[in-house]
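Use the sequences and the hints to build the structure in full.
Residue numbers (the numbering used here), protein chains in the order written: chain A, 2 to 206; chain B, 112 to 580.
Be a bit skeptical, because a hint or two may be false.
In silico DMTMM-like links for lysine to aspartate or glutamate, alpha-carbon gap of 20 Å or less [stated by the list, open to error]:
| # | chain 1 | residue 1 | chain 2 | residue 2 |
| --- | --- | --- | --- | --- |
| 1 | B | Lys550 | A | Glu58 |
| 2 | B | Lys194 | A | Glu35 |
| 3 | B | Lys278 | A | Asp126 |
| 4 | B | Lys122 | A | Asp123 |
Pairwise CB distance ranges, derived in the manner of DEER restraints [stated by the list, open to error]:
| # | chain 1 | residue 1 | chain 2 | residue 2 | range |
| --- | --- | --- | --- | --- | --- |
| 5 | A | Asp198 | B | Val217 | 32 to 42 Å |
| 6 | B | Ala202 | A | Lys191 | 24 to 34 Å |
| 7 | A | Asn62 | B | Lys376 | 39 to 49 Å |
| 8 | A | Lys191 | B | Gln205 | 24 to 34 Å |
| 9 | A | Lys191 | B | Pro290 | 51 to 61 Å |
| 10 | B | Thr444 | A | Gln63 | 28 to 38 Å |
| 11 | A | Ser156 | B | Pro187 | 36 to 46 Å |
| 12 | B | Thr482 | A | Ser156 | 29 to 39 Å |
Read the hints as simulated data drawn from the structure, not as lab findings. As the structure is a prediction and not an experimental result, all values here were calculated from the model. For each residue, glycine too, the CB sits at the ideal point set by N, CA and C.
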Amino acid sequence: MQSFTTHSGIVAPLDRANVDTDQIIPKQFLKRIERTGFGQYLFFDWRFLPDGSANPEFELNQPPAAGASILLARRNFGCGSSREHAPWALADYGFRAVIAPTFADIFFNNCFQNGMVPIRLDEADVDELFRRATAAAAAGGQYSLRVDLQACTVSDDAGFTRSFAVDPFRRQCLLEGHDDIDLSLRHADKITAWEADRGLPALSG
Amino acid sequence: MPSTPRTLLDKIWDNHVVFTPPGELPLVYVDRHLVHEVTSPQAFEGLRLAGRRVRRPEATFATPDHNVPTSDRRLPIADPVSKQQIDTLRANCQEFGVRLFDLDDVDQGIVHVIGPELGITQPGMTIVCGDSHTATHGALGALAFGIGTSEVEHVLATQTLRQGKPKSLEVRVDGTLPPGVTAKDIVLYLIGKLSTEGGVGHVIEYTGECIRSLGMEQRMTVCNMSIEAGARAGMIAPDAVTFDYLRGRDYAPKDFDAAVAAWEKLPSDSGAVYDRVEIFRAADVVPQVTWGTNPAQVTGVDAVVPDAVSFADPNDRSSAARALEYMGLEGGTRIVDIPLDRVFIGSCTNSRIEDLRAAASVVRGYRVASTVRAMVVPGSGRVKRQAEQEGLDRVFREAGFDWREAGCSMCLGMNPDTLAPRERCASTSNRNFEGRQGKGGRTHLVSPAMAAAAAVSGHFVDIRDWQYK
Ligand code: SF4
Numbered sequence: 002m003q004s005f006t007t008h009s010g011i012v013a014p015l016d017r018a019n020v021d022t023d024q025i026i027p028k029q030f031l032k033r034i035e036r037t038g039f040g041q042y043l044f045f046d047w048r049f050l051p052d053g054s055a056n057p058e059f060e061l062n063q064p065p066a067a068g069a070s071i072l073l074a075r076r077n078f079g080c081g082s083s084r085e086h087a088p089w090a091l092a093d094y095g096f097r098a099v100i101a102p103t104f105a106d107i108f109f110n111n112c113f114q115n116g117m118v119p120i121r122l123d124e125a126d127v128d129e130l131f132r133r134a135t136a137a138a139a140a141g142g143q144y145s146l147r148v149d150l151q152a153c154t155v156s157d158d159a160g161f162t163r164s165f166a167v168d169p170f171r172r173q174c175l176l177e178g179h180d181d182i183d184l185s186l187r188h189a190d191k192i193t194a195w196e197a198d199r200g201l202p203a204l205s206g
Numbered sequence: 112m113p114s115t116p117r118t119l120l121d122k123i124w125d126n127h128v129v130f131t132p133p134g135e136l137p138l139v140y141v142d143r144h145l146v147h148e149v150t151s152p153q154a155f156e157g158l159r160l161a162g163r164r165v166r167r168p169e170a171t172f173a174t175p176d177h178n179v180p181t182s183d184r185r186l187p188i189a190d191p192v193s194k195q196q197i198d199t200l201r202a203n204c205q206e207f208g209v210r211l212f213d214l215d216d217v218d219q220g221i222v223h224v225i226g227p228e229l230g231i232t233q234p235g236m237t238i239v240c241g242d243s244h245t246a247t248h249g250a251l252g253a254l255a256f257g258i259g260t261s262e263v264e265h266v267l268a269t270q271t272l273r274q275g276k277p278k279s280l281e282v283r284v285d286g287t288l289p290p291g292v293t294a295k296d297i298v299l300y301l302i303g304k305l306s307t308e309g310g311v312g313h314v315i316e317y318t319g320e321c322i323r324s325l326g327m328e329q330r331m332t333v334c335n336m337s338i339e340a341g342a343r344a345g346m347i348a349p350d351a352v353t354f355d356y357l358r359g360r361d362y363a364p365k366d367f368d369a370a371v372a373a374w375e376k377l378p379s380d381s382g383a384v385y386d387r388v389e390i391f392r393a394a395d396v397v398p399q400v401t402w403g404t405n406p407a408q409v410t411g412v413d414a415v416v417p418d419a420v421s422f423a424d425p426n427d428r429s430s431a432a433r434a435l436e437y438m439g440l441e442g443g444t445r446i447v448d449i450p451l452d453r454v455f456i457g458s459c460t461n462s463r464i465e466d467l468r469a470a471a472s473v474v475r476g477y478r479v480a481s482t483v484r485a486m487v488v489p490g491s492g493r494v495k496r497q498a499e500q501e502g503l504d505r506v507f508r509e510a511g512f513d514w515r516e517a518g519c520s521m522c523l524g525m526n527p528d529t530l531a532p533r534e535r536c537a538s539t540s541n542r543n544f545e546g547r548q549g550k551g552g553r554t555h556l557v558s559p560a561m562a563a564a565a566a567v568s569g570h571f572v573d574i575r576d577w578q579y580k
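So this is what it looks like as structure tokens:
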């Protein structure tokens, strides 16, 4: 797995709550049997007009979000379907971190499996980040943040610094780019003993 | 010394933690792993690349459901990509020795319908599937939740999951169900009150007189939509209803009485403490209809579509404004004045035999409105056969419904069953997200009876006023 220590990047503000995984990657793109190549379909129904051209109204298509690698959104990001295609699409598009006040559980877990950090900040802090991003855009520029997973902080160059909480095990896995399955298989003897203890029979039927 | 009273969740959790390595998340044993064609190919590929095997193939069950055509099964699958995904599942199951209920299997169906129906789902188990509606299985007193594809691979390889213990949320519904109100109305009402993120980080245990009075299939409808309130899972303590349902099913334990004796110990002890408790009254619930683009944007059939400005919270206000625009609705419109183009009865929420019976009893003796196209998609081959034995298919067909083969169908429209842009649909499924049933399609979530009445009337009607023939 791709490791994550620190990352500095441009922020794409997506001022919406309850962004569901059906929007992040619509179902017509779930038929692929690979993990890669989903970035081109990210937010497809919002990003493209019926004729296939880029929808100029959509936040990610606007100049402030060009080249962005940190997504900023409102609460309950990633709700709905468990599809890991959603984090695959975000990561493949180039996002390394998503910041929101709250995330749906399955999406939140899925991010860690894909070298991407989901960052929960208070609603007021997220408001502040939206304000800063909007101000930068109004001045014709872009807004950047730095995510430091060692220190668990998000900061900009203008004095904004907040720490965020992350499960220590998930953090360690990301920092070191561990394969979860490898780690768990180190305890295979424990699993075998547990099964033997319960005399797990082959299933009937 | 008396031990601390424990909840149903505590007991199942304690029974399944294999080991907590120092500084790491616990390894939680998985009793049943359900697999479908959309979220599994990359997981099997991962196993193959790493030279790993499926640790307990006999605890793993697969079926294709999301992509499958619901028209004539003898015809080849028209969409080459859907076909490839289904072929891939078949090849993977063969290679790794996993039991597959394939397209031509009489027991094929939506994974969350066939699990309980075959008795694969049992009280006290941990059950996972790469699918957010895995919560359905919690209706039998199991801890069942959806996982991502990387986790699917982890379970295939280790038969465990890395998970921190979720918090517990008791959702108690007191009193008895008013006439005309169904399990679907209860759960939509609860989601409306809890919000789409009210349950995040929690496992909901539904309790109270109203929940206890529900039959097994209605309990599944309630637990199914727990994810729509953001919860990890939903569960209902097992009781006589559960045991009666399971007895005699194909995969039910051979020594059933011994199993029941163990299951009877599962319900929460008196005095057990939940992390959070929310209490509701069944008497407050009327038949529900969603008006927006998430399941919490819901109201009673006797109400009007709300104005966006009526929401105090700025996030809710902008979500409502976007939703009303997408849905092509104006605040103040009476719900019963909303006309419909399509009606879909199906999905893992409402495609079981009791759902079809409820819908058929509404439809009997009526015809589908000339402006509406309506379809019924049974949840499984078994449900379909049962319905045909009871003559329900004839009731639907004679009324002008399409009667289809089992699958997810228009719940998410990965197969050819989709809405056209702007088409408005009364649906018994679980998600009304933008484009869920087809790009630009407009979905209203309702109960099977409400959907059936809407099909006949061409617009929503209050099922409490229905003249049954
Ligand atoms: S019926 Fe719908 S919600 Fe249920 S498993 Fe299928 S696609 Fe998912």
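Against the structure, the hints:
A hinted pair counts as satisfied when its Cα atoms are at most 20 Å apart, and Lys550 of chain B with Glu58 of chain A qualifies at roughly 18 Å. Using a Cα cut-off of 20 Å, the hinted pair Lys194 of chain B and Glu35 of chain A holds, with the two alpha carbons roughly 15 Å apart. Using a Cα cut-off of 20 Å, the hinted pair Lys278 of chain B and Asp126 of chain A is violated, with the two alpha carbons roughly 26 Å apart. At roughly 33 Å between alpha-carbon atoms, Lys122 of chain B and Asp123 of chain A are farther apart than 20 Å, so this suggested pair is violated.
For the hinted restraint 32 to 42 Å between Asp198 of chain A and Val217 of chain B, the CB-CB distance of approximately 37 Å keeps it satisfied. In this structure the supplied range 24 to 34 Å holds for Ala202 of chain B paired with Lys191 of chain A, their Cβ-Cβ distance being about 32 Å. With their beta carbons about 57 Å apart, Asn62 of chain A and Lys376 of chain B fall outside the hinted range of 39 to 49 Å. For the pair Lys191 of chain A and Gln205 of chain B, the beta carbons lie near 30 Å from each other, so the given range of 24 to 34 Å is met.
Between Lys191 of chain A and Pro290 of chain B the CB atoms are about 54 Å apart, so this pair conforms to the stated range of 51 to 61 Å. Thr444 of chain B and Gln63 of chain A have their C-beta atoms about 33 Å apart, which keeps the hinted 28 to 38 Å range intact. Evaluation of the 36 to 46 Å hint for Ser156 of chain A and Pro187 of chain B yields a failure: the beta carbon distance comes to about 57 Å. At roughly 58 Å, the beta-carbon separation of Thr482 of chain B and Ser156 of chain A lies outside the given 29 to 39 Å, and the hint is violated.
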